[in-house]
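Asks: Chains A and B, in that order, give the protein sequences. Using my numbering, read the first sequence as starting at 488 and increasing by one per residue. Using my numbering, read the second sequence as starting at 36 and increasing by one per residue.
Any given hint could turn out to be false.
Unchecked claim - Pair ranges (Cβ atoms, derived): (1) B:Thr-271 with A:Asp-689: 37 to 43 angstroms; (2) A:Leu-696 with B:Lys-156: 51 to 57 angstroms; (3) A:Glu-755 with B:Ala-155: 33 to 39 angstroms; (4) B:Pro-257 with A:Ile-609: 39 to 45 angstroms; (5) A:Pro-606 with B:Gly-244: 57 to 63 angstroms; (6) A:Met-763 with B:Glu-248: 53 to 59 angstroms; (7) A:Leu-696 with B:Lys-213: 35 to 41 angstroms; (8) A:Gln-528 with B:Pro-42: 47 to 53 angstroms.
If you're looking for bench data, these hints aren't it; they were derived computationally from the structure. The beta-carbon is built from N, C-alpha and C at its ideal position, and this holds for glycine as well.
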Amino acid sequence: MLRVLSLAEAVESVIRDGDSVAMEGFTHLIPHAAGHEIVRQGRKHLTLIRMTPDLLYDQLIGMGCADKLVFSWGGNPGVGSLHRLRDAIENGWPHKLEIEEHSHAAMANAYEAGAAGLPCAIFRGYIGTDLPKVNPKIKSIICPFTGETLAAIPAHRPDAAVIHALRADRTGNVLLEGILGVQKEAVLAAKRTLVTVEEIVDDFGPRSLNAVILPSWTVSAIAHVPGGAFPSYAQGYYTRNNTFYKEWDAISRDRDTFLAWIKTNVLEQGPEVFAMHARNMRPAAE
Amino acid sequence: MTSKYTPNEMMTIAAARALKNEDVVFVGIGMPSAASNLARLTHAPAITLIYESGTLATKPSVLPLSIGDGELCETALTTVSVPEMFRYWLQGGRITVGFLGGAQIDRFANLNTTVVGPYAKPKVRLPGGGGAPEIANSCGEIFIIMAQGKRSFVDKLDFITSLGHGEGGDHRSRLGVKTKGPTRLVTDLCIFEPDPRSKEMTVAAIHPGVTREKIQENTGWPVRYADKVAETSPPTARELEVLRELHARTARAHGEAA
Numbered sequence: 488m489l490r491v492l493s494l495a496e497a498v499e500s501v502i503r504d505g506d507s508v509a510m511e512g513f514t515h516l517i518p519h520a521a522g523h524e525i526v527r528q529g530r531k532h533l534t535l536i537r538m539t540p541d542l543l544y545d546q547l548i549g550m551g552c553a554d555k556l557v558f559s560w561g562g563n564p565g566v567g568s569l570h571r572l573r574d575a576i577e578n579g580w581p582h583k584l585e586i587e588e589h590s591h592a593a594m595a596n597a598y599e600a601g602a603a604g605l606p607c608a609i610f611r612g613y614i615g616t617d618l619p620k621v622n623p624k625i626k627s628i629i630c631p632f633t634g635e636t637l638a639a640i641p642a643h644r645p646d647a648a649v650i651h652a653l654r655a656d657r658t659g660n661v662l663l664e665g666i667l668g669v670q671k672e673a674v675l676a677a678k679r680t681l682v683t684v685e686e687i688v689d690d691f692g693p694r695s696l697n698a699v700i701l702p703s704w705t706v707s708a709i710a711h712v713p714g715g716a717f718p719s720y721a722q723g724y725y726t727r728n729n730t731f732y733k734e735w736d737a738i739s740r741d742r743d744t745f746l747a748w749i750k751t752n753v754l755e756q757g758p759e760v761f762a763m764h765a766r767n768m769r770p771a772a773e
Numbered sequence: 036m037t038s039k040y041t042p043n044e045m046m047t048i049a050a051a052r053a054l055k056n057e058d059v060v061f062v063g064i065g066m067p068s069a070a071s072n073l074a075r076l077t078h079a080p081a082i083t084l085i086y087e088s089g090t091l092a093t094k095p096s097v098l099p100l101s102i103g104d105g106e107l108c109e110t111a112l113t114t115v116s117v118p119e120m121f122r123y124w125l126q127g128g129r130i131t132v133g134f135l136g137g138a139q140i141d142r143f144a145n146l147n148t149t150v151v152g153p154y155a156k157p158k159v160r161l162p163g164g165g166g167a168p169e170i171a172n173s174c175g176e177i178f179i180i181m182a183q184g185k186r187s188f189v190d191k192l193d194f195i196t197s198l199g200h201g202e203g204g205d206h207r208s209r210l211g212v213k214t215k216g217p218t219r220l221v222t223d224l225c226i227f228e229p230d231p232r233s234k235e236m237t238v239a240a241i242h243p244g245v246t247r248e249k250i251q252e253n254t255g256w257p258v259r260y261a262d263k264v265a266e267t268s269p270p271t272a273r274e275l276e277v278l279r280e281l282h283a284r285t286a287r288a289h290g291e292a293a
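Given only the sequences and the hints, what does the whole structure look like? Please build it.
Replies: Take a look at the structure:
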């Protein structure tokens, strides 16, 4: 039987100082509430792994939780820069941030290799780009059958993966729908996993025979956090809050404005504040 | 309607015209997305649009702000995971056109979206490559859409994020890349195509009312012209109407004044 933890308990049990942590969700289902809890618990020296750092890692980096970032696209989608990320890279604020930069294809392949238990990912990539010159983890390998030179990078094997999903059932199985990103791969590649969910149901009910489900025994901790993906979205629950993504540009541009926002909206709050975002748009009947 | 139109509208419309009904397009966010959807809503209704979030054959009614807005998934034929998108569909060679934008470009259509200044001590840290490094080499050909200016059309890139024609000539094939690379660069002033031999991006058509002087003023290298330079047909009333409706719907959906 599922034991649902509070978000605070779940983060305490899954994420430790110094861990490598992959918090995934490709535009959809970004685990923002879990990110806020990591800030509240003051985790330090994390290696943060994520294809698109997004506002989530902008907040963690700005609060000094990370020593290193492994990523492939560090912008605010459709808006512009991630100002906390830029401030860390360009000016070392609040401290120096080491970066390991990849392409999306590389990151996706590295998660898949991690899930598959392989030491490295092999793909046709990085040809003619300068990324291998600045990232020593990008190497090449020769296909023993054709002689083709292919890119190779280490598999992602994070200490912890954190995702937000739509539903968990009473046994602790987890269901994802919509844009799936690399969450399944991140969970299966990680040593420990934290999943926040919109809803806990008795049974998933009628569903596609090929529904994307993570069995309970692949998940270390589940917390029920309705609205926990805000300002990203949860398919069928609430839409992406594009307005907040635009507002973040002004909030994050200035260090003091950012710190004041974090104090009011993260440090002095709990995960229950996310519920109002879920209530906004719950479908009438589904 | 005889009408006025902005250089940005001309750019988007000229880029849309390059897409065909039978194309399978890997669409970047922003201007590539506007041009691709304009093509779908005008002359290429059966075009297949693919976004890297995994949405295959998507038909959004409004332009997404991000690469993974729910609208893309809800209007898609199917949605696959991101590893599947990059492995099977992109690397597998299923895409005919990759449609990119960028922060900086050089005369061989190499793109920089990583950094201005030295990598270790950047003057401006840009978002990075995302899908572009592999899109640039795995799609059959590449279209690029970018507004022209001296800061973006530069003589030498600080960083090559995605390969265009490299150092020119047969550089792509010497690197083992079998696809065509950038075949068209559409700007707010003109349309460039690669010279068949040198692969330098060369002006093939100039938008109405634009002078060669203006093109040169906004380019960081000495611009070359094809032997026969055409004039781009101005936007038709229908192209403008569909594009403006698309932008108005998008603004309403994103909660802005149209």
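Asks: The structure should be examined with respect to each hint, and the outcome stated for every one.
Replies: Results of checking the hints against the structure:
no., hint, verdict
1, B:Thr-271 with A:Asp-689: 37 to 43 angstroms, "57 angstroms, violated"
2, A:Leu-696 with B:Lys-156: 51 to 57 angstroms, "54 angstroms, holds"
3, A:Glu-755 with B:Ala-155: 33 to 39 angstroms, "38 angstroms, holds"
4, B:Pro-257 with A:Ile-609: 39 to 45 angstroms, "42 angstroms, holds"
5, A:Pro-606 with B:Gly-244: 57 to 63 angstroms, "59 angstroms, holds"
6, A:Met-763 with B:Glu-248: 53 to 59 angstroms, "57 angstroms, holds"
7, A:Leu-696 with B:Lys-213: 35 to 41 angstroms, "38 angstroms, holds"
8, A:Gln-528 with B:Pro-42: 47 to 53 angstroms, "51 angstroms, holds"
Hint 1 from the list above is the single one not met by this structure.
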